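Start from the sequences, fold in the hints, and give me the full structure.
In case you want the letters, here they are:
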Amino acid sequence: MPEQYGYLRTVFRYWLCSHRLLTFIISFAIAATFLTAFPVSVFPQNKPMNAASIEELKINIRDAAQKIQTISCDFIQEKEMSMIKEKIISTGKFFFKKEKLLRWEYMQPFTWLIIIRNDQISIIDDNKVNQFSVQSNKIFQEINRVILGSIRGTLVMDEKNFQATFSYNTSSWVVKLKPLAPKLKESLSEIVIYVDRKDYSVNRLEMIEPGGDCTKINFIDKKLNQPIADEKFMVP
Amino acid sequence: MSQVHQVSPGAHYVPPVTSHLFKATLDIKKHHLTGLMLIKRMDSVAPTTLSQQEKEIKDEVYRIVFANEIGMTFFDLEMKYDSFSVISCFESLNKKALIKILETDFRLLTGINPVQHEKFYRQTATNNQVFYAKTGRYKIWETFSPSGDTLYTTTGKSTIADPVIISYQNYQAGFPSRISLENPVIGLKMSLRLLKR
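Top to bottom, those sequences are chains A and B. Under my numbering, the first sequence has 122 at position 122, and the numbering climbs by one with no breaks. Positions in the second sequence are counted from 1; adding 236 to them yields my numbering.
Simulated from the structure, these hints should not be mistaken for lab results. Just so we're clear, the structure is a prediction, and the values are computed from it rather than from any experiment. Warning: the hint list may mix true and false statements.
To be verified - Using 20 Å as the maximum straight-line C-alpha spacing, the simulated SDA-like pairs for lysine to any residue come out as follows:
{"hint": "1", "chain 1": "A", "residue 1": "Lys85", "chain 2": "B", "residue 2": "Asp295"}
{"hint": "2", "chain 1": "A", "residue 1": "Lys85", "chain 2": "B", "residue 2": "Tyr357"}
{"hint": "3", "chain 1": "B", "residue 1": "Lys266", "chain 2": "A", "residue 2": "Asp125"}
{"hint": "4", "chain 1": "B", "residue 1": "Lys266", "chain 2": "A", "residue 2": "Ile139"}
{"hint": "5", "chain 1": "A", "residue 1": "Lys178", "chain 2": "B", "residue 2": "Met308"}
{"hint": "6", "chain 1": "A", "residue 1": "Lys223", "chain 2": "A", "residue 2": "Asp125"}
{"hint": "7", "chain 1": "B", "residue 1": "Lys265", "chain 2": "B", "residue 2": "Ser328"}
{"hint": "8", "chain 1": "A", "residue 1": "Lys87", "chain 2": "B", "residue 2": "Lys425"}
{"hint": "9", "chain 1": "A", "residue 1": "Lys87", "chain 2": "B", "residue 2": "Ile323"}
{"hint": "10", "chain 1": "A", "residue 1": "Lys128", "chain 2": "B", "residue 2": "Ser427"}
{"hint": "11", "chain 1": "B", "residue 1": "Lys266", "chain 2": "B", "residue 2": "Ile422"}
{"hint": "12", "chain 1": "A", "residue 1": "Lys232", "chain 2": "A", "residue 2": "Ser72"}
{"hint": "13", "chain 1": "A", "residue 1": "Lys138", "chain 2": "B", "residue 2": "Glu314"}
{"hint": "14", "chain 1": "B", "residue 1": "Lys265", "chain 2": "A", "residue 2": "Val129"}
{"hint": "15", "chain 1": "A", "residue 1": "Lys85", "chain 2": "B", "residue 2": "Lys332"}
{"hint": "16", "chain 1": "A", "residue 1": "Lys58", "chain 2": "A", "residue 2": "Pro48"}
{"hint": "17", "chain 1": "B", "residue 1": "Lys432", "chain 2": "A", "residue 2": "Thr91"}
{"hint": "18", "chain 1": "B", "residue 1": "Lys432", "chain 2": "A", "residue 2": "Glu78"}
{"hint": "19", "chain 1": "A", "residue 1": "Lys98", "chain 2": "A", "residue 2": "Lys128"}
{"hint": "20", "chain 1": "A", "residue 1": "Lys138", "chain 2": "B", "residue 2": "Ser324"}
{"hint": "21", "chain 1": "B", "residue 1": "Lys276", "chain 2": "B", "residue 2": "Ser321"}
{"hint": "22", "chain 1": "B", "residue 1": "Lys331", "chain 2": "A", "residue 2": "Glu186"}
{"hint": "23", "chain 1": "A", "residue 1": "Lys100", "chain 2": "A", "residue 2": "Gln66"}
{"hint": "24", "chain 1": "A", "residue 1": "Lys128", "chain 2": "B", "residue 2": "Lys332"}
{"hint": "25", "chain 1": "B", "residue 1": "Lys332", "chain 2": "A", "residue 2": "Glu186"}
{"hint": "26", "chain 1": "A", "residue 1": "Lys85", "chain 2": "B", "residue 2": "Glu314"}
{"hint": "27", "chain 1": "B", "residue 1": "Lys375", "chain 2": "B", "residue 2": "Pro350"}
{"hint": "28", "chain 1": "B", "residue 1": "Lys276", "chain 2": "A", "residue 2": "Glu78"}
{"hint": "29", "chain 1": "A", "residue 1": "Lys183", "chain 2": "B", "residue 2": "Met308"}
{"hint": "30", "chain 1": "A", "residue 1": "Lys87", "chain 2": "B", "residue 2": "Asp279"}
{"hint": "31", "chain 1": "A", "residue 1": "Lys87", "chain 2": "B", "residue 2": "Lys331"}
{"hint": "32", "chain 1": "A", "residue 1": "Lys93", "chain 2": "A", "residue 2": "Ser201"}
{"hint": "33", "chain 1": "A", "residue 1": "Lys128", "chain 2": "B", "residue 2": "Ser416"}
{"hint": "34", "chain 1": "A", "residue 1": "Lys183", "chain 2": "A", "residue 2": "Lys128"}
As the list claims (entries may be wrong) - Chain A regions said to be covered by chain B (calculated; three or more residues, Cβ under 8 Å):
{"hint": "35", "stretch": "53 to 64"}
{"hint": "36", "stretch": "72 to 82"}
{"hint": "37", "stretch": "151 to 165"}
{"hint": "38", "stretch": "223 to 231"}
We put the beta carbon where it would ideally sit given N, CA and C, even for glycine.
Listed below in structure tokens is the structure:
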């Protein structure tokens, strides 16, 4: 490469560095002003709860879970891979009917359907149906426990398997669960459940892996206690 | 054997700093795993004393993440020219022999390793172009279309016991939307269906 190009490249890199530095300083100044002006309303801070409030919250979650007969909603799932700064976003529909009926349907960017009917799991993938019992598959045992347990409110009360800490912000009660069982600890370092402050249903679930990767599932457009036909939980 | 057109070994899969998201299945013996596989090339800066060709090879860094549909990671691997690291792996999959097989498969898939003793020839029966070379202890054969612009298969082996066959199908915009990797002797099969790049 001719020498003048090497020189130009050095100048360009220097310009790029100084330009980035300037951009960073301006962004930082704007962010600092913004945070000072709107400390809580824009970025909700989780506040700790005292023992009495925690007990009251547990009772409310349990009572609400008992009243919830069905849930139907859309979901947006984000798998964040911290080291490679990449997100995989999938969306679909979610149906739950008491006691143990679950239909979890991924629609974008792939189609995949899981139906849990009591302790029987059916997976429909590329028109192939795979059926097995929850007990026969360790991965789905954990999924079943975490997802259904979150919705039914049992995970929050499970002091034998999880160490729970409670806090709240303007929109949610936030329950952080650290697994105690060695097997679950290997795949999940923390589960965070965001419970709606109005109806105590689950708004969001975060599953954080030991390496820092995280899966966030946002449940949106929730409909509680609307009739859902049993056929919804049948293998098509 | 007859005169062949110029083909680009390995060029089918190595655009720098890009990621490919696949719907993936991994079958090994009685286990059937499904989910999403992200293969991302994330190059590092190599020392400037290297020649351009060496730099290109030694720069290549891949992260390969396979997670089930719900997001739980089966494995997260980092592959460089001279190393292969397990960032995280489900306990039941984290076996030395299996990781070694996955390393070989992904090295052949990405063409990360330098090749030597290259030869080009044309198959008489099919008129397909074949690129033959040695990479590490492996011999590889890449079979291209007669015009040399479409890669059909990559076959690699170091002994009779460890062949790897990679098939590329359903090309869309110059990239195979279906890739299958097979290690027939040990019964491992991986199928990748491109979702996003």
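Hints violated by the structure (numbers, ascending):
Violated: hints 2, 6, 8, 13, 15, 19, 24, 31, 34, 35, 37, 38.
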